[in-house]
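**Student:** Below, each chain spelled out in residue letters.
There are 2 protein chains.
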Amino acid sequence: APVARELRCLCLENLDRIHPKYIQSVKVTSPGPYCDKTEVIASLKNGQDVCLNPASSLVKMILKTLLNKASTN
Amino acid sequence: APVARELRCLCLENLDRIHPKYIQSVKVTSPGPYCDKTEVIASLKNGQDVCLNPASSLVKMILKTLLNKASTN
Numbered sequence: 001a002p003v004a005r006e007l008r009c010l011c012l013e014n015l016d017r018i019h020p021k022y023i024q025s026v027k028v029t030s031p032g033p034y035c036d037k038t039e040v041i042a043s044l045k046n047g048q049d050v051c052l053n054p055a056s057s058l059v060k061m062i063l064k065t066l067l068n069k070a071s072t073n
Numbered sequence: 101a102p103v104a105r106e107l108r109c110l111c112l113e114n115l116d117r118i119h120p121k122y123i124q125s126v127k128v129t130s131p132g133p134y135c136d137k138t139e140v141i142a143s144l145k146n147g148q149d150v151c152l153n154p155a156s157s158l159v160k161m162i163l164k165t166l167l168n169k170a171s172t173n
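Residue numbers (my numbering), protein chains in the order written: chain A, 1 to 73; chain B, 101 to 173.
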């Protein structure tokens, strides 16, 4: 069986705002056996990880921006 | 200085298709010092990681689905 990376929810509180320029990557995790909530974790360019509100329009905007950059690679 | 997790691109080839039901999480990484491409890595419910084409409409659809589920949490 695959080894679980974390056995609990990782986000205790979510930010509603952050400037997209600080973001290196964004991970969206759907509810699963170890956490019953959707979690969005952004890794910042300074190495910090922050949780973002999955329901915020900011998250959609950031993901759109990241993916649109890819289309013009 | 923050420790880099990986010092190279992680995706050698990208899938264009996968059924969303197998996906536990999706990570979108923007180009940075260690990889000049946008990368999309999906972790599957069976523990496997697969790379998806960042320019595919599938990726947008999957992220939208994950986030829309969150809004109704």
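Check each hint, because a few of them may be wrong.
Stated by the list, open to error - With a Cα cut of at most 20 Å, we get these calculated DMTMM-like pairs of lysine to aspartate or glutamate:
| hint | chain 1 | residue 1 | chain 2 | residue 2 |
| --- | --- | --- | --- | --- |
| 1 | A | Lys-21 | B | Asp-136 |
| 2 | A | Lys-45 | A | Asp-16 |
| 3 | A | Lys-37 | A | Asp-49 |
| 4 | A | Lys-45 | B | Asp-149 |
| 5 | B | Lys-164 | A | Asp-36 |
| 6 | A | Lys-45 | B | Asp-136 |
| 7 | B | Lys-145 | A | Asp-49 |
| 8 | B | Lys-137 | B | Asp-116 |
| 9 | B | Lys-160 | B | Glu-113 |
| 10 | A | Lys-21 | B | Asp-116 |
| 11 | B | Lys-145 | A | Asp-16 |
| 12 | B | Lys-169 | A | Glu-13 |
No wet-lab data here; the hints were simulated from the structure.
**Student:** Does each hint hold? Answer for all of them.
**Tutor:** Going down the list of hints, with the structure as the test:
Of the supplied pair hints, the one linking A:Lys-21 and B:Asp-136 holds, its CA atoms being roughly 16 Å apart against a limit of 20 Å. Taking the CA atoms of A:Lys-45 and A:Asp-16, the gap is about 18 Å. The hint holds against a cut of 20 Å. Distance check on the hinted pair: A:Lys-37 and A:Asp-49 sit about 18 Å apart at the alpha-carbon level, within 20 Å; holds. Of the pairs offered as hints, the one joining A:Lys-45 and B:Asp-149 is violated, with about 23 Å between alpha carbons and a cut-off of 20 Å exceeded.
Note on B:Lys-164 and A:Asp-36: the hinted pairing holds, with a Cα-Cα distance of about 18 Å set against a maximum of 20 Å. For the suggested pair A:Lys-45 and B:Asp-136, the alpha carbons sit about 14 Å apart, so the restraint of at most 20 Å is met. The hinted pair formed by B:Lys-145 and A:Asp-49 fails the criterion: a straight-line CA distance of about 23 Å is larger than 20 Å. As the CA atoms of B:Lys-137 and B:Asp-116 are separated by approximately 16 Å, the hinted pair is consistent with the 20 Å bound.
Taking the CA atoms of B:Lys-160 and B:Glu-113, the gap is near 18 Å; set against the 20 Å cutoff, the hint holds. For the suggested pair A:Lys-21 and B:Asp-116, the alpha carbons sit about 28 Å apart, so the restraint of at most 20 Å is broken. Proposed proximity of B:Lys-145 and A:Asp-16 is contradicted: the alpha carbons are some 28 Å apart, above 20 Å. As the CA atoms of B:Lys-169 and A:Glu-13 are separated by approximately 18 Å, the hinted pair is consistent with the 20 Å bound.
In summary, the structure is inconsistent with hints 4, 7, 10 and 11 from the numbered list given earlier, while agreeing with the others.
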